[in-house]
Amino acid sequence: MPLTLKKIIEGVPSLGSYSGVLHEIEAVLEDPSSTLAHVGAIIEKDPDLTARLLRLGNSSFFGFPSRIDTVSETISLIGLQQVQDLIAVSSVIELFDGVPPELVTMESFWKHSLACGMAARLLALAKRIPKPDKFFVAGLLHDIGRMVLYTRAPAEAKEIYQRCAGGMVLMREAEVEVLGFDHAEIGDALLAAWNYPANLVDMVRYHHAPLSAGTYQMESCLIHVADYLVHAMELGYSGERMVPPLNPKAWERLALGMDVVESVMKGVDDQLVDVERAFLARVATKA
Amino acid sequence: MPKVKIDNAREGMVTSKNVNNMDDMLLIPSGCELSARHLKLLRTWGVAEIEVEAGEEPDESQNPMAQLPPEEVAELHASLTSIFIRYDESFPIHKEVFRLALLRKIRQRLNAKTHATNS
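Residue numbers (numbering that gives the first Met the number 0), protein chains in the order written: chain A, 0 to 286; chain B, 0 to 118.
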C-alpha cells in the first residue's frame with residue numbers, strides 16, 4: 000500500500016516531554032488571580048528547563064543589557080507567549096528519536112533548523128514586523144516534515160537520498176518522485192494535526208513555494224529567504240546538500256535593502272553558539 | 000558626523016549621537032567608546048547604522064579576498080558553485096548571497112590559518 004500523508008504522520012506523538020509543564024501553565028492562566036510568579040514557579044520545578052530558559056535569556060539572541068537571574072524576570076522581559084513557544088519548541092526537538100545516523104544526525108538537523116529560525120527572526124526584526132519571535136518558531140520547524148520522513152519511512156528516505164546523489168536533483172523533487180508529496184506537505188499535515196496556528200502552518204507548507212501561499216504570503220517569503228541564507232552559509236544539514244534556489248520575487252516581496260543580507264548572516268554567526276547551547280545541550284548528551 | 004553601517008563599526012570608535020532601538024529605548028549614549036559587547040548588542044537589536052566621531056571611518060583596505068592565495072580562493076569558489084544549484088547571477092539577490100557566502104568562507108579559512116599559526 001502506498002504511503003499517504005495521513006499514514007506518515009500517524010503515530011508521531013503529539014507533544015514531547017514538556018507537555019505537562021505547558022498544560023500546567025495553561026491551567027494557571029485560566030485563573031484570573033494568577034501572576035507571572037505562579038507561572039515561574041511551575042517552570043522552576045523543572046531544573047533542566049529553567050537552566051535552558053535562563054541560558055537563552057542571557058544569550059546574545061535576546062541581547063538584554065543586564066543579567067537575568069530568575070524565570071519570572073525572563074517571562075516579564077521576553078513575554079509569556081514567547082516563553083510558552085520556546086518550551087513547546089524545546090519539546091519538539093526532543094520528540095524525534097531513532098533517526099538512522101546515515102541519514103542525518105540530530106545535532107546537524109537542528110543546527111540547520113535553529114539557524115533558519117534565527118535568520119527568519121533577524122529578517123523580521125529588520126522588516127520591523129511585530130512579534131518577530133514567531134518567525135523563529137516557524138524557521139525552527141520548517142523542515143519538521145523531514146524528521147517525520149526519517150523516523151516513519153527510513154526506507155523511502157534512503158531511496159530519496161540515492162536519487163539526489165548525482166547533485167542535479169533537489170531532495171524535495173526526489174521526495175515528490177518517491178512519495179508523491181514533499182517534506183513541506185508532511186510538515187503542514189503534522190502541524191495542522193497538532194493544532195498549530197494557521198500562519199505557522201502556512202510558513203512551513205510554503206517555504207519552498209512562497210508565492211503560492213495565500214494569506215501568509217509575505218511570512219512564507221521570509222522563511223524561504225531565511226532557508227536560502229542558511230543553506231548558503233552551510234550551517235547544519237537537513238538532508239539537502241544543495242542550496243535550494245531562491246525565488247527572487249520572494250526577496251522582492253520583503254522589500255528589504257540588500258545590506259540586510261550581510262547583517263542577517265553576521266547576526267546568525269554571532270548568535271548560533273549561544274542558541275545551540277540553550278536548545279541542544281540535551282540532544283548532544285543523548286547522542 | 001559620519002554615519003557608519005553597523006558592519007563597518009569597529010571597537011574603539013566613539014559614538015557622536017545616542018543610539019536607540021526601534022522602540023526608542025536608549026542602547027548606547029553619545030560619546031561612548033564602542034566595545035565588542037556593544038557591537039554585538041547593536042546587531043542583536045537590528046540597528047543598521049550609527050553616527051561616530053569624525054576621522055574614525057573604517058579602513059576598507061582590509062579585503063580578505065586579497066589575503067588568501069588565488070588558488071585557495073578558486074577552490075572555495077568552486078566548492079560553493081557546486082552547491083548553488085540553478086544559480087542565476089542576473090538576479091542581484093543570488094549574486095549578493097553568493098558573494099557574501101564566499102567572503103565568509105574565505106574569512107573562515109583565514110581564521111583557521113591564524114589559529115594554526117598561533118597554537
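Since the hints were made in silico from the structure, they are not lab data. Be a bit skeptical, because a hint or two may be false.
DSBU-like, lysine-lysine: derived pairs with alpha carbons at most 35 Å apart [unchecked claim]: (1) A:Lys-248 - B:Lys-112; (2) B:Lys-39 - B:Lys-112; (3) A:Lys-126 - B:Lys-4; (4) A:Lys-130 - B:Lys-112.
Do the hints match the structure? See the list:
no. : hint                  : in the structure
1   : A:Lys-248 - B:Lys-112 : violated, 39 Å
2   : B:Lys-39 - B:Lys-112  : holds, 24 Å
3   : A:Lys-126 - B:Lys-4   : holds, 17 Å
4   : A:Lys-130 - B:Lys-112 : violated, 41 Å
When held up to the earlier numbered hints, the structure conflicts with 1, 4 and fits the remainder.
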